[in-house]
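Asker: Residue numbering for the sequence shown follows my numbering, starting at 1 and increasing by one per position.
A couple of the hints might just be wrong.
What the hints assert, rightly or not - Label pairs and their computed distance ranges (CB to CB):
1. H418 - Q91: 39 to 47 Å
2. L449 - L350: 30 to 38 Å
3. K94 - V342: 44 to 52 Å
4. S353 - E225: 47 to 55 Å
5. L226 - L24: 45 to 53 Å
6. I331 - V179: 53 to 61 Å
7. D21 - I194: 43 to 51 Å
Simulated from the structure, these hints should not be mistaken for laboratory data. Built from N, CA and C at the ideal position, the CB exists for glycine as well.
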Amino acid sequence: MKNSSSKQSGKMDMLHGSLLDKILLFAMPLAACSILQQLFNSVGTAVVGRFASSEALAAVGSNSSVISLMVTLFSGISLGSNVVIANYIGQCDKKRVPRVVHTAVTLALLSGVFLLVLGQFVAHPILVLMGAPKNIIHLATLYLRIYFLGMPFFMLYDFGASILRSIGDTRRPMYALIVSGVVNVILNLLFVVIFRMGVAGAGLATVGANAVSAAQIIYFLMHEELPIRLSFQSLIIDRDAVSKILRIGVPAGLQGMVFSLANVCIQSGINSFGSAGIAGSAVELNYEYFAYYLVNAFAQTVVTFTGQNYGAKNEERCKKIFRLGMMCSVISCGVLSTIFVVFRTFFIGLFTSDPAVYRYAVIRFLFVLMFECLTSSYEISGGCLRGFGRSMTPAILTVFGSCVLRLVWLATVCHWFHDYRLLMVIYPISWLLTGSMVLVAYFRTRKKLFV
1 MKNSSSKQSG KMDMLHGSLL DKILLFAMPL AACSILQQLF NSVGTAVVGR
51 FASSEALAAV GSNSSVISLM VTLFSGISLG SNVVIANYIG QCDKKRVPRV
101 VHTAVTLALL SGVFLLVLGQ FVAHPILVLM GAPKNIIHLA TLYLRIYFLG
151 MPFFMLYDFG ASILRSIGDT RRPMYALIVS GVVNVILNLL FVVIFRMGVA
201 GAGLATVGAN AVSAAQIIYF LMHEELPIRL SFQSLIIDRD AVSKILRIGV
251 PAGLQGMVFS LANVCIQSGI NSFGSAGIAG SAVELNYEYF AYYLVNAFAQ
301 TVVTFTGQNY GAKNEERCKK IFRLGMMCSV ISCGVLSTIF VVFRTFFIGL
351 FTSDPAVYRY AVIRFLFVLM FECLTSSYEI SGGCLRGFGR SMTPAILTVF
401 GSCVLRLVWL ATVCHWFHDY RLLMVIYPIS WLLTGSMVLV AYFRTRKKLF
451 V
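Work the whole structure out from these sequences, hints included.
Answerer: Here's what the structure looks like:
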(Lines of atoms letter the chains of each structure in order from A and count residues from 1; the text may use other names and numbers.)
(Lines give C-alpha, C1' and ligand atoms only; values in the text may rest on other atoms or scores of the structure.)
Protein backbone atom coordinates (compact mmCIF):
# COMPACT_ATOMS: atom_id res chain seq x y z
CA MET A 1 0.00 0.00 0.00
CA LYS A 2 1.35 3.43 -0.94
CA ASN A 3 1.95 5.93 1.78
CA SER A 4 0.42 9.39 1.77
CA SER A 5 3.61 11.11 0.71
CA SER A 6 3.73 8.90 -2.39
CA LYS A 7 0.22 9.90 -3.30
CA GLN A 8 0.92 13.54 -2.65
CA SER A 9 4.06 13.47 -4.76
CA GLY A 10 2.10 12.21 -7.77
CA LYS A 11 3.92 8.90 -8.26
CA MET A 12 2.34 6.42 -10.66
CA ASP A 13 2.68 2.65 -10.90
CA MET A 14 3.46 2.17 -14.59
CA LEU A 15 4.36 -1.51 -14.24
CA HIS A 16 1.00 -2.95 -13.21
CA GLY A 17 -2.71 -2.56 -13.91
CA SER A 18 -4.56 -0.95 -16.80
CA LEU A 19 -2.62 1.25 -19.23
CA LEU A 20 -4.97 3.54 -21.16
CA ASP A 21 -6.17 5.47 -18.12
CA LYS A 22 -2.62 5.86 -16.81
CA ILE A 23 -1.29 6.97 -20.19
CA LEU A 24 -4.03 9.60 -20.37
CA LEU A 25 -3.46 10.68 -16.75
CA PHE A 26 0.25 11.06 -17.50
CA ALA A 27 -0.07 12.67 -20.93
CA MET A 28 -2.91 15.11 -20.34
CA PRO A 29 -1.05 17.22 -17.75
CA LEU A 30 1.95 17.16 -20.08
CA ALA A 31 -0.17 18.36 -22.99
CA ALA A 32 -1.95 20.90 -20.83
CA CYS A 33 1.40 22.05 -19.53
CA SER A 34 2.79 22.75 -22.99
CA ILE A 35 -0.47 24.09 -24.42
CA LEU A 36 -0.98 26.45 -21.50
CA GLN A 37 2.60 27.64 -21.82
CA GLN A 38 2.08 28.25 -25.53
CA LEU A 39 -1.26 29.91 -24.81
CA PHE A 40 0.40 32.31 -22.43
CA ASN A 41 3.19 32.89 -24.97
CA SER A 42 0.55 33.47 -27.65
CA VAL A 43 -1.13 36.07 -25.45
CA GLY A 44 2.24 37.77 -25.15
CA THR A 45 2.71 37.61 -28.92
CA ALA A 46 -0.79 38.98 -29.47
CA VAL A 47 -0.06 41.82 -27.05
CA VAL A 48 3.06 42.70 -29.05
CA GLY A 49 1.16 42.50 -32.35
CA ARG A 50 -1.76 44.57 -31.13
CA PHE A 51 -0.02 47.15 -28.95
CA ALA A 52 3.42 47.46 -30.56
CA SER A 53 3.58 46.92 -34.35
CA SER A 54 3.61 44.31 -37.12
CA GLU A 55 7.41 44.73 -37.20
CA ALA A 56 7.60 43.90 -33.49
CA LEU A 57 5.38 40.86 -34.06
CA ALA A 58 7.65 39.71 -36.90
CA ALA A 59 10.75 40.29 -34.73
CA VAL A 60 9.41 38.05 -31.97
CA GLY A 61 8.11 35.43 -34.42
CA SER A 62 11.33 35.24 -36.41
CA ASN A 63 13.21 34.05 -33.31
CA SER A 64 11.26 30.87 -32.60
CA SER A 65 13.38 28.65 -34.85
CA VAL A 66 16.62 30.21 -33.58
CA ILE A 67 15.65 29.64 -29.95
CA SER A 68 14.65 26.06 -30.71
CA LEU A 69 17.97 25.47 -32.47
CA MET A 70 19.97 26.61 -29.46
CA VAL A 71 18.07 24.84 -26.68
CA THR A 72 17.04 21.49 -28.19
CA LEU A 73 20.39 19.78 -27.60
CA PHE A 74 20.15 20.38 -23.87
CA SER A 75 16.43 19.58 -23.74
CA GLY A 76 17.34 16.24 -25.32
CA ILE A 77 19.87 15.66 -22.56
CA SER A 78 17.13 16.28 -19.99
CA LEU A 79 15.13 13.52 -21.70
CA GLY A 80 18.13 11.24 -21.16
CA SER A 81 17.89 11.77 -17.40
CA ASN A 82 14.21 10.83 -17.54
CA VAL A 83 14.94 7.51 -19.28
CA VAL A 84 17.87 6.61 -17.00
CA ILE A 85 15.87 7.23 -13.82
CA ALA A 86 12.82 5.40 -15.25
CA ASN A 87 14.97 2.37 -16.13
CA TYR A 88 16.42 2.26 -12.60
CA ILE A 89 12.93 2.48 -11.11
CA GLY A 90 11.77 -0.37 -13.35
CA GLN A 91 14.75 -2.40 -12.13
CA CYS A 92 13.97 -1.45 -8.49
CA ASP A 93 17.52 -0.04 -8.25
CA LYS A 94 17.03 3.07 -6.12
CA LYS A 95 20.62 3.39 -4.93
CA ARG A 96 21.81 5.02 -8.16
CA VAL A 97 18.80 7.32 -8.62
CA PRO A 98 20.06 10.16 -6.33
CA ARG A 99 23.34 10.41 -8.22
CA VAL A 100 21.47 10.72 -11.52
CA VAL A 101 19.16 13.37 -10.04
CA HIS A 102 22.00 15.55 -8.73
CA THR A 103 24.04 15.07 -11.89
CA ALA A 104 21.04 16.14 -13.99
CA VAL A 105 20.52 19.35 -11.98
CA THR A 106 24.23 20.15 -12.26
CA LEU A 107 24.03 19.66 -16.03
CA ALA A 108 21.01 21.96 -16.08
CA LEU A 109 22.91 24.77 -14.38
CA LEU A 110 25.95 24.39 -16.62
CA SER A 111 23.80 24.21 -19.76
CA GLY A 112 21.82 27.30 -18.78
CA VAL A 113 24.90 29.43 -18.13
CA PHE A 114 26.48 28.27 -21.39
CA LEU A 115 23.38 29.21 -23.39
CA LEU A 116 23.11 32.57 -21.63
CA VAL A 117 26.63 33.53 -22.72
CA LEU A 118 26.34 32.00 -26.19
CA GLY A 119 23.10 33.81 -26.90
CA GLN A 120 24.66 37.23 -26.35
CA PHE A 121 27.36 36.56 -28.94
CA VAL A 122 25.47 34.76 -31.70
CA ALA A 123 22.11 36.58 -31.64
CA HIS A 124 22.89 39.16 -34.31
CA PRO A 125 25.14 37.03 -36.58
CA ILE A 126 22.67 34.16 -36.79
CA LEU A 127 19.79 36.51 -37.65
CA VAL A 128 21.94 38.07 -40.37
CA LEU A 129 22.69 34.59 -41.76
CA MET A 130 18.97 33.86 -41.80
CA GLY A 131 18.35 36.96 -43.89
CA ALA A 132 16.15 38.72 -41.35
CA PRO A 133 14.72 41.88 -42.97
CA LYS A 134 16.61 45.06 -42.12
CA ASN A 135 13.50 46.73 -40.73
CA ILE A 136 13.20 44.14 -37.91
CA ILE A 137 16.72 42.77 -37.33
CA HIS A 138 17.58 45.21 -34.55
CA LEU A 139 14.34 44.37 -32.72
CA ALA A 140 14.84 40.64 -33.26
CA THR A 141 18.41 40.82 -31.92
CA LEU A 142 17.31 42.72 -28.83
CA TYR A 143 14.55 40.21 -28.08
CA LEU A 144 16.85 37.22 -28.55
CA ARG A 145 19.57 38.57 -26.26
CA ILE A 146 17.09 39.34 -23.50
CA TYR A 147 15.38 35.97 -23.93
CA PHE A 148 18.63 34.09 -23.36
CA LEU A 149 19.24 35.84 -20.06
CA GLY A 150 16.63 33.44 -18.70
CA MET A 151 18.28 30.25 -19.95
CA PRO A 152 19.56 29.05 -16.53
CA PHE A 153 15.96 29.22 -15.27
CA PHE A 154 14.64 27.50 -18.40
CA MET A 155 17.11 24.62 -18.05
CA LEU A 156 16.47 24.15 -14.33
CA TYR A 157 12.76 23.80 -15.04
CA ASP A 158 13.33 21.49 -18.02
CA PHE A 159 15.65 19.06 -16.20
CA GLY A 160 13.67 19.26 -12.96
CA ALA A 161 10.38 18.52 -14.68
CA SER A 162 12.03 15.60 -16.47
CA ILE A 163 13.08 14.15 -13.11
CA LEU A 164 9.54 14.40 -11.74
CA ARG A 165 8.08 12.82 -14.87
CA SER A 166 10.38 9.82 -14.50
CA ILE A 167 8.36 8.82 -11.41
CA GLY A 168 5.04 9.52 -13.13
CA ASP A 169 4.45 13.03 -11.76
CA THR A 170 3.24 15.33 -14.53
CA ARG A 171 0.86 17.38 -12.41
CA ARG A 172 3.30 19.56 -10.50
CA PRO A 173 5.31 20.59 -13.58
CA MET A 174 1.95 21.64 -15.05
CA TYR A 175 1.06 23.65 -11.96
CA ALA A 176 4.43 25.39 -12.12
CA LEU A 177 3.85 26.40 -15.74
CA ILE A 178 0.33 27.63 -15.05
CA VAL A 179 1.66 29.99 -12.39
CA SER A 180 4.58 31.14 -14.54
CA GLY A 181 2.25 31.57 -17.53
CA VAL A 182 0.00 33.90 -15.57
CA VAL A 183 3.10 35.82 -14.53
CA ASN A 184 4.15 35.99 -18.19
CA VAL A 185 0.82 37.51 -19.26
CA ILE A 186 0.83 40.03 -16.42
CA LEU A 187 4.41 41.10 -17.17
CA ASN A 188 3.66 41.37 -20.89
CA LEU A 189 0.72 43.66 -20.21
CA LEU A 190 2.81 45.68 -17.77
CA PHE A 191 5.94 46.03 -19.92
CA VAL A 192 4.40 46.21 -23.41
CA VAL A 193 1.05 47.95 -22.88
CA ILE A 194 1.72 50.21 -19.90
CA PHE A 195 5.47 50.88 -20.13
CA ARG A 196 5.55 50.69 -23.96
CA MET A 197 8.77 48.64 -23.96
CA GLY A 198 7.91 46.67 -27.13
CA VAL A 199 9.98 43.55 -27.83
CA ALA A 200 12.26 44.29 -24.86
CA GLY A 201 9.24 44.07 -22.59
CA ALA A 202 8.17 40.77 -24.17
CA GLY A 203 11.67 39.36 -23.61
CA LEU A 204 11.81 40.49 -19.99
CA ALA A 205 8.36 39.01 -19.34
CA THR A 206 9.60 35.62 -20.58
CA VAL A 207 12.71 35.78 -18.38
CA GLY A 208 10.57 36.58 -15.33
CA ALA A 209 8.18 33.73 -16.10
CA ASN A 210 11.05 31.26 -16.53
CA ALA A 211 12.47 32.30 -13.14
CA VAL A 212 9.11 31.64 -11.49
CA SER A 213 8.75 28.16 -13.05
CA ALA A 214 12.32 27.20 -12.10
CA ALA A 215 11.82 28.32 -8.49
CA GLN A 216 8.71 26.16 -8.18
CA ILE A 217 10.24 23.03 -9.67
CA ILE A 218 13.32 23.32 -7.44
CA TYR A 219 11.06 23.71 -4.41
CA PHE A 220 9.17 20.53 -5.38
CA LEU A 221 12.39 18.54 -5.76
CA MET A 222 13.86 19.80 -2.48
CA HIS A 223 10.71 18.67 -0.65
CA GLU A 224 10.30 15.37 -2.52
CA GLU A 225 10.76 12.02 -0.82
CA LEU A 226 13.82 9.89 -1.45
CA PRO A 227 15.35 8.78 -3.75
CA ILE A 228 14.75 11.86 -5.95
CA ARG A 229 14.95 14.54 -3.25
CA LEU A 230 17.27 17.37 -4.30
CA SER A 231 19.96 18.86 -2.08
CA PHE A 232 22.22 21.55 -3.52
CA GLN A 233 24.99 20.41 -1.18
CA SER A 234 24.96 17.06 -3.00
CA LEU A 235 25.30 18.37 -6.57
CA ILE A 236 27.80 16.24 -8.44
CA ILE A 237 28.95 15.13 -11.86
CA ASP A 238 28.79 11.36 -11.68
CA ARG A 239 30.68 9.94 -14.66
CA ASP A 240 28.56 6.82 -14.99
CA ALA A 241 25.33 8.85 -14.77
CA VAL A 242 26.60 11.40 -17.29
CA SER A 243 27.58 8.62 -19.68
CA LYS A 244 24.13 7.01 -19.54
CA ILE A 245 22.29 10.35 -19.77
CA LEU A 246 24.37 11.52 -22.73
CA ARG A 247 24.10 8.21 -24.57
CA ILE A 248 20.34 8.61 -24.68
CA GLY A 249 20.01 12.39 -24.51
CA VAL A 250 22.63 13.60 -27.00
CA PRO A 251 21.20 11.74 -30.04
CA ALA A 252 17.72 13.05 -29.14
CA GLY A 253 19.11 16.55 -28.65
CA LEU A 254 21.15 16.46 -31.85
CA GLN A 255 18.08 15.25 -33.72
CA GLY A 256 16.11 18.22 -32.42
CA MET A 257 19.03 20.54 -33.10
CA VAL A 258 19.46 19.46 -36.71
CA PHE A 259 15.68 19.49 -37.08
CA SER A 260 15.68 23.07 -35.81
CA LEU A 261 18.56 23.91 -38.15
CA ALA A 262 16.41 22.81 -41.07
CA ASN A 263 13.61 25.00 -39.72
CA VAL A 264 16.04 27.91 -39.42
CA CYS A 265 16.85 27.44 -43.10
CA ILE A 266 13.13 27.32 -43.91
CA GLN A 267 12.72 30.46 -41.80
CA SER A 268 15.28 32.12 -44.07
CA GLY A 269 13.00 31.16 -46.96
CA ILE A 270 10.01 32.62 -45.10
CA ASN A 271 12.02 35.78 -44.49
CA SER A 272 12.29 36.27 -48.25
CA PHE A 273 8.55 37.02 -48.29
CA GLY A 274 9.05 40.06 -46.05
CA SER A 275 7.58 41.01 -42.70
CA ALA A 276 4.04 40.00 -43.77
CA GLY A 277 5.20 36.45 -44.57
CA ILE A 278 7.13 36.26 -41.30
CA ALA A 279 4.21 37.56 -39.24
CA GLY A 280 1.72 35.25 -40.99
CA SER A 281 3.92 32.24 -40.28
CA ALA A 282 4.33 33.38 -36.67
CA VAL A 283 0.55 33.54 -36.22
CA GLU A 284 0.02 29.99 -37.55
CA LEU A 285 2.91 28.64 -35.49
CA ASN A 286 1.01 29.43 -32.31
CA TYR A 287 -1.72 26.98 -33.31
CA GLU A 288 0.70 24.50 -34.84
CA TYR A 289 2.45 24.32 -31.48
CA PHE A 290 -0.86 23.60 -29.74
CA ALA A 291 -1.49 20.61 -32.00
CA TYR A 292 2.09 19.35 -31.87
CA TYR A 293 2.21 19.52 -28.08
CA LEU A 294 -0.47 16.84 -27.94
CA VAL A 295 1.77 14.59 -30.03
CA ASN A 296 4.79 15.49 -27.94
CA ALA A 297 2.93 14.77 -24.69
CA PHE A 298 2.15 11.22 -25.77
CA ALA A 299 5.70 10.83 -27.12
CA GLN A 300 7.13 11.78 -23.71
CA THR A 301 4.61 9.48 -22.09
CA VAL A 302 5.67 6.43 -24.10
CA VAL A 303 9.33 7.23 -23.35
CA THR A 304 8.76 7.01 -19.60
CA PHE A 305 6.27 4.12 -19.67
CA THR A 306 8.45 2.10 -22.05
CA GLY A 307 11.55 2.96 -20.02
CA GLN A 308 10.12 1.54 -16.82
CA ASN A 309 8.51 -1.52 -18.42
CA TYR A 310 11.54 -2.34 -20.54
CA GLY A 311 13.65 -2.11 -17.39
CA ALA A 312 11.22 -4.58 -15.81
CA LYS A 313 11.41 -6.77 -18.97
CA ASN A 314 7.65 -6.57 -19.51
CA GLU A 315 7.52 -7.11 -23.28
CA GLU A 316 3.78 -7.32 -23.89
CA ARG A 317 3.18 -4.18 -21.90
CA CYS A 318 5.76 -2.32 -24.02
CA LYS A 319 3.91 -3.33 -27.19
CA LYS A 320 0.59 -2.15 -25.78
CA ILE A 321 2.14 1.19 -24.77
CA PHE A 322 3.12 1.78 -28.41
CA ARG A 323 -0.37 0.99 -29.73
CA LEU A 324 -2.20 3.14 -27.20
CA GLY A 325 0.27 6.02 -27.50
CA MET A 326 -0.06 6.11 -31.28
CA MET A 327 -3.85 5.96 -31.18
CA CYS A 328 -4.19 8.74 -28.62
CA SER A 329 -1.67 10.96 -30.39
CA VAL A 330 -3.21 10.72 -33.87
CA ILE A 331 -6.79 11.23 -32.69
CA SER A 332 -6.16 14.13 -30.31
CA CYS A 333 -3.85 16.03 -32.67
CA GLY A 334 -6.11 15.41 -35.68
CA VAL A 335 -9.21 16.71 -33.92
CA LEU A 336 -7.53 19.87 -32.61
CA SER A 337 -5.86 20.66 -35.96
CA THR A 338 -9.19 20.31 -37.77
CA ILE A 339 -10.87 22.71 -35.36
CA PHE A 340 -8.17 25.32 -35.95
CA VAL A 341 -8.34 24.95 -39.74
CA VAL A 342 -12.14 25.04 -39.96
CA PHE A 343 -12.36 28.18 -37.80
CA ARG A 344 -9.11 29.74 -39.09
CA THR A 345 -10.68 33.15 -39.79
CA PHE A 346 -11.50 33.60 -36.11
CA PHE A 347 -8.19 32.24 -34.81
CA ILE A 348 -6.03 34.33 -37.15
CA GLY A 349 -8.08 37.42 -36.33
CA LEU A 350 -7.03 37.15 -32.69
CA PHE A 351 -3.50 38.10 -33.73
CA THR A 352 -3.77 40.45 -36.67
CA SER A 353 -6.09 42.51 -38.83
CA ASP A 354 -3.48 43.02 -41.57
CA PRO A 355 -4.81 41.44 -44.83
CA ALA A 356 -1.30 40.55 -46.07
CA VAL A 357 -0.41 38.79 -42.82
CA TYR A 358 -3.78 37.00 -42.89
CA ARG A 359 -3.17 35.66 -46.41
CA TYR A 360 0.15 34.06 -45.48
CA ALA A 361 -1.28 32.63 -42.26
CA VAL A 362 -4.11 30.90 -44.15
CA ILE A 363 -1.65 29.21 -46.51
CA ARG A 364 0.31 27.74 -43.60
CA PHE A 365 -2.90 26.65 -41.87
CA LEU A 366 -3.97 24.65 -44.94
CA PHE A 367 -0.60 23.23 -45.99
CA VAL A 368 0.98 22.49 -42.59
CA LEU A 369 -1.41 22.54 -39.63
CA MET A 370 -3.99 20.35 -41.35
CA PHE A 371 -1.46 17.50 -41.53
CA GLU A 372 0.19 17.92 -38.12
CA CYS A 373 -1.05 14.54 -36.87
CA LEU A 374 1.41 12.87 -39.29
CA THR A 375 4.18 13.75 -36.83
CA SER A 376 2.78 11.04 -34.53
CA SER A 377 4.26 8.39 -36.83
CA TYR A 378 7.87 9.21 -35.92
CA GLU A 379 7.40 10.86 -32.52
CA ILE A 380 5.61 7.91 -30.88
CA SER A 381 7.75 5.20 -32.47
CA GLY A 382 10.89 7.23 -31.75
CA GLY A 383 9.78 7.71 -28.14
CA CYS A 384 9.39 3.97 -27.68
CA LEU A 385 12.85 3.39 -29.17
CA ARG A 386 14.32 5.85 -26.67
CA GLY A 387 12.53 4.04 -23.87
CA PHE A 388 14.41 0.93 -25.03
CA GLY A 389 17.64 2.95 -24.74
CA ARG A 390 17.96 3.09 -28.56
CA SER A 391 18.18 6.83 -29.12
CA MET A 392 20.56 6.98 -32.07
CA THR A 393 18.30 5.19 -34.58
CA PRO A 394 15.34 7.63 -34.51
CA ALA A 395 17.80 10.52 -34.43
CA ILE A 396 19.59 9.46 -37.63
CA LEU A 397 16.37 8.63 -39.47
CA THR A 398 14.68 11.88 -38.48
CA VAL A 399 17.70 13.93 -39.49
CA PHE A 400 17.68 12.30 -42.92
CA GLY A 401 13.93 12.10 -43.49
CA SER A 402 13.03 15.58 -42.29
CA CYS A 403 16.12 17.75 -42.16
CA VAL A 404 18.07 16.65 -45.23
CA LEU A 405 14.95 16.46 -47.39
CA ARG A 406 13.84 19.93 -46.33
CA LEU A 407 17.24 21.43 -47.08
CA VAL A 408 17.30 19.78 -50.52
CA TRP A 409 13.78 21.03 -51.21
CA LEU A 410 14.74 24.54 -50.14
CA ALA A 411 17.86 24.53 -52.34
CA THR A 412 16.08 23.19 -55.42
CA VAL A 413 12.31 23.61 -55.71
CA CYS A 414 12.07 26.74 -53.57
CA HIS A 415 15.11 28.21 -55.31
CA TRP A 416 13.54 27.71 -58.73
CA PHE A 417 10.03 28.83 -57.75
CA HIS A 418 9.50 31.63 -55.23
CA ASP A 419 6.14 30.40 -53.96
CA TYR A 420 5.02 30.32 -50.32
CA ARG A 421 2.84 27.25 -50.92
CA LEU A 422 5.76 25.25 -52.27
CA LEU A 423 7.78 26.21 -49.21
CA MET A 424 5.06 24.97 -46.85
CA VAL A 425 4.25 21.67 -48.59
CA ILE A 426 7.64 20.20 -47.65
CA TYR A 427 6.40 19.77 -44.07
CA PRO A 428 3.79 17.03 -44.71
CA ILE A 429 6.03 15.39 -47.34
CA SER A 430 8.93 15.11 -44.88
CA TRP A 431 6.62 13.88 -42.11
CA LEU A 432 5.39 11.02 -44.29
CA LEU A 433 8.90 9.94 -45.24
CA THR A 434 10.32 10.20 -41.74
CA GLY A 435 7.38 8.44 -40.13
CA SER A 436 7.63 5.50 -42.51
CA MET A 437 11.33 4.99 -41.76
CA VAL A 438 11.09 5.31 -37.97
CA LEU A 439 8.09 2.96 -37.82
CA VAL A 440 10.02 0.29 -39.72
CA ALA A 441 13.00 0.79 -37.38
CA TYR A 442 10.76 0.47 -34.33
CA PHE A 443 9.22 -2.84 -35.40
CA ARG A 444 12.62 -4.27 -36.39
CA THR A 445 14.19 -3.24 -33.10
CA ARG A 446 11.28 -4.60 -31.08
CA LYS A 447 11.53 -7.92 -32.92
CA LYS A 448 15.23 -8.19 -32.03
CA LEU A 449 14.74 -7.22 -28.37
CA PHE A 450 11.67 -9.37 -27.73
CA VAL A 451 12.83 -12.76 -29.01
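Asker: So which hints don't hold here, by number, going up?
Answerer: Of the numbered hints, 1, 2, 5, 6 do not hold.
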